[in-house]
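**Q** Protein sequence lines correspond, in order, to chains A and B. Numbers 1 to 112, taken from the numbering used here, label the letters of the first sequence in order. Numbers 1 to 111, taken from the numbering used here, label the letters of the second sequence in order.
I should point out that these hints are in silico values taken from the structure, not numbers from a laboratory. Where a beta carbon is used, it is the ideal one built from N, C-alpha and C, also for glycine. Treat the hints with care, since some could be wrong.
Partner residues are not named here, just some residues of chain B that face chain A (Cβ under 7 Å, in silico) [what the hints assert, rightly or not]:
| # | residue |
| --- | --- |
| 1 | 31 |
| 2 | 42 |
| 3 | 48 |
| 4 | 78 |
| 5 | 79 |
| 6 | 80 |
| 7 | 83 |
| 8 | 95 |
| 9 | 96 |
| 10 | 102 |
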Amino acid sequence: GENVEQHPSTLSVQEGDSAVIKCTYSDSASNYFPWYKQELGKRPQLIIDIRSNVGEKKDQRIAVTLNKTAKHFSLHITETQPEDSAVYFCAASRTGANNLFFGTGTRLTVIP
Amino acid sequence: NAGVTQTPKFQVLKTGQSMTLQCAQDMNHEYMSWYRQDPGMGLRLIHYSVGAGITDQGEVPNGYNVSRSTTEDFPLRLLSAAPSQTSVYFCASGSVSRGYTFGSGTRLTVV
Chain A
1 GENVEQHPST LSVQEGDSAV IKCTYSDSAS NYFPWYKQEL GKRPQLIIDI RSNVGEKKDQ
61 RIAVTLNKTA KHFSLHITET QPEDSAVYFC AASRTGANNL FFGTGTRLTV IP
Chain B
1 NAGVTQTPKF QVLKTGQSMT LQCAQDMNHE YMSWYRQDPG MGLRLIHYSV GAGITDQGEV
61 PNGYNVSRST TEDFPLRLLS AAPSQTSVYF CASGSVSRGY TFGSGTRLTV V
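Between the sequences and the hints, there should be enough to build the whole structure, so can you do that?
**A** Below, the structure written as structure tokens:
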């Protein structure tokens, strides 16, 4: 099955700085890569996703890049704010199989 | 449109007891799944279903049973609870083309 690795496990940044979280995947057939934000005691919430026919996608301060050849994708958060503090999970899936495979998470702390 | 509804939100079981975690969705999704979340291990797939009457095992199926008699419901059963099953459980439904929606989770403690 798919194996998703995520780094770093913890990340602290000053408010206003950028944060980058990286993930690699093993199954070359994977074609859907969502990112989830999970606040303490809450459910994972989708913040952005990318499909394999696209190399980059942006939504305001959040962007995701995908390198299919290297089988890695990254989450970029610019101008970080204290409310960005949470655990972020990357995941991978593929059309037809539909199972989501998750990375182990990154705890992001934005220091005011 | 309630999305994905999970019950209960919290549960404490004694070792050896059985229980069923309920999951229901009103989005007409064919695919539904159960995950467990443990510290430092992300979300791991327990069981999944691609439609009524069809279920299959995920990464960590031991100790859990599922059934899918309707499109809407996908209950998860613990037949004989063990302390190793202490975790937070999430139900999810959706697809690659439509995205995935998670329930609010069940925090289970087995003593």
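**Q** Does each hint hold? Answer for all of them.
**A** Do the hints match the structure? See the list:
1. 31: Where the cut-off is 7 Å and the nearest Cβ of chain A is about 5 Å from residue 31(B), the hint holds.
2. 42: 4 Å, holds
3. 48: 6 Å, holds
4. 78: 21 Å, violated
5. 79: Because about 23 Å separates residue 79(B) from the closest Cβ in chain A, which is outside the 7 Å limit, the hint is violated.
6. 80: Cβ of residue 80(B) sits 26 Å from chain A, so the hint is violated.
7. 83: 22 Å, violated
8. 95: Constraint on residue 95(B) satisfied, holds at 5 Å.
9. 96: 4 Å, holds
10. 102: OK, holds: residue 102(B) within 7 Å of chain A, min 4 Å.
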